[in-house]
Amino acid sequence: GAGVSQSPSNKVTEKGKDVELRCDPISGHTALYWYRQSLGQGLEFLIYFQGNSAPDKSGLPSDRFSAERTGGSVSTLTIQRTQQEDSAVYLCASSDRTGNGYEQYFGPGTRLTVT
Amino acid sequence: AQKITQTQPGMFVQEKEAVTLDCTYDTSDPSYGLFWYKQPSSGEMIFLIYQGSYDQQNATEGRYSLNFQKARKSANLVISASQLGDSAMYFCAIKSTGAQKLVFGQGTRLTINP
Chain B
1 GAGVSQSPSN KVTEKGKDVE LRCDPISGHT ALYWYRQSLG QGLEFLIYFQ GNSAPDKSGL
61 PSDRFSAERT GGSVSTLTIQ RTQQEDSAVY LCASSDRTGN GYEQYFGPGT RLTVT
Chain Z
1001 AQKITQTQPG MFVQEKEAVT LDCTYDTSDP SYGLFWYKQP SSGEMIFLIY QGSYDQQNAT
1061 EGRYSLNFQK ARKSANLVIS ASQLGDSAMY FCAIKSTGAQ KLVFGQGTRL TINP
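From first to last, the protein sequence lines are chains B and Z.
According to the working numbering, the stretch in the first sequence is residues 1 to 115, in order.
According to the working numbering, the stretch in the second sequence is residues 1001 to 1114, in order.
Think of the hints as simulated: they come from the structure by calculation, not from any bench.
Just to be clear, a hint being listed does not mean it is correct.
What the hints assert, rightly or not - Heads up, simulated DMTMM-like pairs for lysine to aspartate or glutamate below, C-alpha to C-alpha not over 25 Å straight-line:
{"no.": "1", "chain 1": "B", "residue 1": "57", "chain 2": "Z", "residue 2": "1061"}
{"no.": "2", "chain 1": "Z", "residue 1": "1073", "chain 2": "Z", "residue 2": "1055"}
{"no.": "3", "chain 1": "Z", "residue 1": "1003", "chain 2": "B", "residue 2": "85"}
{"no.": "4", "chain 1": "B", "residue 1": "57", "chain 2": "Z", "residue 2": "1029"}
{"no.": "5", "chain 1": "Z", "residue 1": "1003", "chain 2": "Z", "residue 2": "1029"}
{"no.": "6", "chain 1": "Z", "residue 1": "1073", "chain 2": "Z", "residue 2": "1061"}
{"no.": "7", "chain 1": "Z", "residue 1": "1003", "chain 2": "B", "residue 2": "56"}
{"no.": "8", "chain 1": "Z", "residue 1": "1073", "chain 2": "Z", "residue 2": "1015"}
{"no.": "9", "chain 1": "Z", "residue 1": "1003", "chain 2": "B", "residue 2": "44"}
{"no.": "10", "chain 1": "B", "residue 1": "57", "chain 2": "Z", "residue 2": "1044"}
{"no.": "11", "chain 1": "B", "residue 1": "11", "chain 2": "Z", "residue 2": "1044"}
{"no.": "12", "chain 1": "B", "residue 1": "11", "chain 2": "B", "residue 2": "63"}
{"no.": "13", "chain 1": "B", "residue 1": "17", "chain 2": "B", "residue 2": "63"}
Let's have the full structure, built from the sequences with the hints guiding it.
Here you go:
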């Protein structure tokens, strides 16, 4: 079956502009996660959605970051007034929470470059 | 707080040899899971293997096995009969049971030489 998809694959934006990153999870997966991978910080958790529950936003680095998940499926991560330190690969993952480990399946990521 | 330590930033191994990638962890949670992911140059994170903290036996998945030593808080990944396609970054991660986020180590870059 289809895996997690993300778009765009690459995004170059000017400092101060807003960007939207999209994630389509694996069909039927109720849990969706956003992570950020950067050279200096490694892989960091950003936000988690599970069904209709309130999201866990504990990893969002500032109030410029927000995310929503519509209809329990597609998610959009929005970064407002982008800064150069926002440059990173943004990875989305989904999970069906039925496996013992609830392993998370990752998408190919969106590489964001802020100039 | 949880922490993963991967002490090998890079490893070079001859094709067909076995390789062990080190991972130690720190957690105060009594129940947790340990994961290994592979990230080839294409960038996608590929799930390899999982070990639960209460699992009695070490996990195995094909050529991958996890050497879980709970008392030492280590969860090393063993790849048998390495192949050129195994060249990639490898990340160890931990998740508390009931929690949602994975906490990753810094990764080990594995290079398989022909």
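Here's how the hints hold up against the structure:
1. 57/B - 1061/Z: Distance ~33 Å between residue 57/B and residue 1061/Z Cα, so the pair is violated.
2. 1073/Z - 1055/Z: holds (14 Å)
3. 1003/Z - 85/B: Since the Cα atoms of residue 1003/Z and residue 85/B sit roughly 23 Å apart, the hinted pair holds (cutoff 25 Å).
4. 57/B - 1029/Z: holds (21 Å)
5. 1003/Z - 1029/Z: holds (12 Å)
6. 1073/Z - 1061/Z: Since the Cα atoms of residue 1073/Z and residue 1061/Z sit roughly 21 Å apart, the hinted pair holds (cutoff 25 Å).
7. 1003/Z - 56/B: Distance of about 20 Å is within 25 Å: holds.
8. 1073/Z - 1015/Z: violated (29 Å)
9. 1003/Z - 44/B: Given pair residue 1003/Z, residue 44/B holds - Cα atoms ~12 Å apart, limit 25 Å.
10. 57/B - 1044/Z: holds (23 Å)
11. 11/B - 1044/Z: Given pair residue 11/B, residue 1044/Z holds - Cα atoms ~17 Å apart, limit 25 Å.
12. 11/B - 63/B: holds (21 Å)
13. 17/B - 63/B: Distance of about 15 Å is within 25 Å: holds.
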